[in-house]
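Asker: For reference, the chains in residue letters:
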Amino acid sequence: MADLRSEFIGIKSPNPFWLASAPPTDKEYNVRRAFDAGWGGVVWKTLGLDPHVVNVNGPRYGAIYGADRRLLGLNNIELITDRPLQTNLDEIKLVKRDYPDRAMIVSLMVPCEEEPWKFILPQVEETGADGVELNFGCPHGMSERGMGAAVGQVPEYIEMVTRWVKSHTRMPVIVKLTPNITDVRKPAAAAMAGGADAVSLINTINSITSVDLDLFAPEPTIDGKGAHGGYCGPAVKPIALNMVAEIARDAELQGLPISGIGGVTNWRDAAEFMALGAGNVQVCTAVMTYGFKIVEEMISGLSEYMDGKGMTSVDEIVGRAVPNVTDWNQLNLNYVAKAVINQDLCISCGRCFAACEDTSHQAIAMSEDRTFSVVDDECVACNLCVNVCPVEDCITMEAMAPGLTDPRTGKVVQPDYANWTTHPNNPSASAAE
Amino acid sequence: MGPDVFQEGIVAGRLEPDNYEAHFSDLHPRLDPHEALVAADRCYFCHDAPCITACPTDIDIPLFIRQIATGTPDAAAKTILTQNIMGGMCARVCPTETLCEEACVREAAEGKPVLIGQLQRYATDHLQEQGVHPFTRAAATGKTVAVVGAGPAGLSCAHRLAMLGHDVVVMDAAAKPGGLNEYGIATYKTTGGFAQDEVVWLLKIGGITMQYGVALGDGVTLEKLRAEYDAVFLGMGLGGVNALGADGEDKAGVLDAVDFIAELRQAGDVASVPIGRDVVVIGGGMTAVDAAVQAKLLGALNVTLVYRRGRDRMNASVFEQDLAASKGVRIVTHAVPVAVHGNGTVREIEFEYVDDAMKGTGQILRLPADQVFKAIGQTLKGEGLPALEGRKIKVSETGQTSVKGIWAGGDCASGGDDLTVTAVAEGRDAAMDIHAALSV
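Listed in order, the protein sequences are those of chains G and U. Per the numbering used here, the very first residue in the first sequence carries number 223; after that it's consecutive. Per the numbering used here, the very first residue in the second sequence carries number -5; after that it's consecutive.
These aren't lab readings, by the way, just hints derived from the structure by calculation.
Quick list of simulated restraints, FRET-style, between CB atoms:
#1 G/645 x U/105: 53 to 61 Å
#2 G/227 x U/213: 50 to 58 Å
#3 G/566 x U/6: 34 to 42 Å
#4 G/254 x U/27: 37 to 45 Å
#5 G/566 x U/102: 34 to 42 Å
#6 G/537 x U/131: 30 to 38 Å
#7 G/535 x U/11: 54 to 62 Å
#8 U/27 x G/626: 28 to 36 Å
#9 G/532 x U/20: 30 to 38 Å
#10 U/27 x G/623: 23 to 31 Å
#11 U/131 x G/319: 36 to 44 Å
The beta-carbon is built from N, C-alpha and C at its ideal position, and this holds for glycine as well.
Chain G on its own, in the form it takes in the complex (with noise of 0.2 Å):
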């Protein structure tokens, strides 16, 4: 059994899985439960000020299945907490005196302006919160006020916002990003520019999951309207890998601590995160799809990767797959792949056979009898046939050894690196000295 243990900003955990601000983590009890499940850490649904605001009374959630009506994307209109302030202050501390070792972050959400700020922090932090998140991600109801993604936005709010914030309190300081944007790089060199002392991403994304055909509204559905909604769960995973990939891997922000969100669902996902840069994940949907008991499997299965790599800690996974994330013109074009068909595993469905034949390069070849095979003299090596058959491992990706001719294009595969910055192509191309 691997150490998990897990210390982020300055914040111990018994392990790097924390639970998102969100539902979840909007009260005592939920967080207790938490806890004692073995999650190790929390951000505390965003508290703001009283009047606390209030939610719909219809439907607040929207889903996406995949097959067997498995939950892949989950859209909510839920806003903050709909609880006074100090109701959840005082739970707060409550709980963080009875699990000492777990981390307790407070999720945050004022109006932009100094004041309620420098009002808030002293509260959170008399309860001896850990630290705290700052919400500049919530896309629906709060941006409508001038809140959550309104400042996540705009670079200069977050980093005024951030600098305030820094300025008035002592604890440590997330800035929790929105993925509503073009560049996530200038909303993370904002908060870093502000003092913030890590950032976590990405908050939910603007979506619409569904029409209802009959009613000719948006799911999910309040009185015949429907509003825009944030998106999270496994479907959003690509998106914010990529978002953590895209700070983690920028020169200028080097440094930046980065807590990992977006369809976390069990070990693999999170080791995955954390690779891209993540110091620790936040996990929501996977746990308002399946229970806080998930944890139990994260944990498991996280500690026998680790053993299984030797590793002792989980910091030795963090970034460690940032210096192989590298822009396109980089990828090496004398590398030479193609598919092939492991034909003992292969049940005959003739799915690739459909995608490459119809879609791409014709690059499969179907017997009489139903026997596919690849046309190596066709095949790209476009990975399009192994992501859409049904079996693991049936179809894989093998690299040719140097020397071997290409039959697609009779040309010897080359033993050295060459990428498009000197391709003979590239009207720019500069040549390589």
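Using the hints, position chain U against chain G.
Answerer: Using the frame of chain G, we list chain U on its own:
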């Protein structure tokens, strides 16, 4: 000319040599990785899952299936084995159709439960085949516990005690460990010497000494064990077999089903085991089905399983009954044996049909038989045992008998079904209670 299927009498080699391997191969071959992922994907990770409640050992089934789904079968195995150290055997022999899989919500939804038993085997095989034993012993306590019986109850108890730091001496009357796992389960349910492999793996915990050919009343007495050890656990199962109570049951060819099952399991080559042309099995439990099915698989021409009550009262599950029927076993219900006919050797067996109240109807059924297997239950053997409840040793929830310092579990003890998984649970729980008693 191949073998003569019509040949009368009890003879070996009724089948073409090639057929034996097919007939006695794994009933449920292990899932391959793709099958396991597809099967695991169907689990809903239910809250307070009904499958866990249905499992006598309370294995956290949704968790281990999730661990398989996320590519960590060894973690899954550890989840299983933490609750049930014989999770590998139970995955093979549990009547999952009346336990976890019957309770599965997908059984309710689609009539197709998650393949819990087969997923369990996938995980435990994955770990055990690497020779990995995932548990270690606590610091030595200096206490030594005697365990009588190296079956599921005894070994489960011994393993848990060893893990808690006690030394354990396990004694068994047989020449090999495993109890019914080794001697009492159909060959096609545990192939490839798995029962012995599992024991070897289990003993890797250390601190367990095995003694074979030792039984209560034959080499050791309960008084002696009580005097020499800090605690005693009795898990010797049921050594006796009930009699038919029919005239002529002493005729040659009338045999105990448990002996037949054991003979098959111990035969190096199943083809060498002789079988009758017309076989009658009497009983309605798993042992009866195991005997009847295997008689058929050995090439008996006619196999009839005769049970005194209706099918709904049979201890064998519907799955087991259907398995028997699919192999060609004829199931006759509401009939009790009244006489075994034959001149020294059984030639025919006579039954009377009875109603639901077991009252004779006067109607007679006579079946030709050159071999009759009795599978009408087993009985506790032994003198000077703790107090009984019915025909078994009376135990508390945690396995305490009427005698201080003596615990019991498994088939020899009251409470619970006579299942491998129940025996494992009882052995484990008794070990925890022994540990608590020794820790005072």
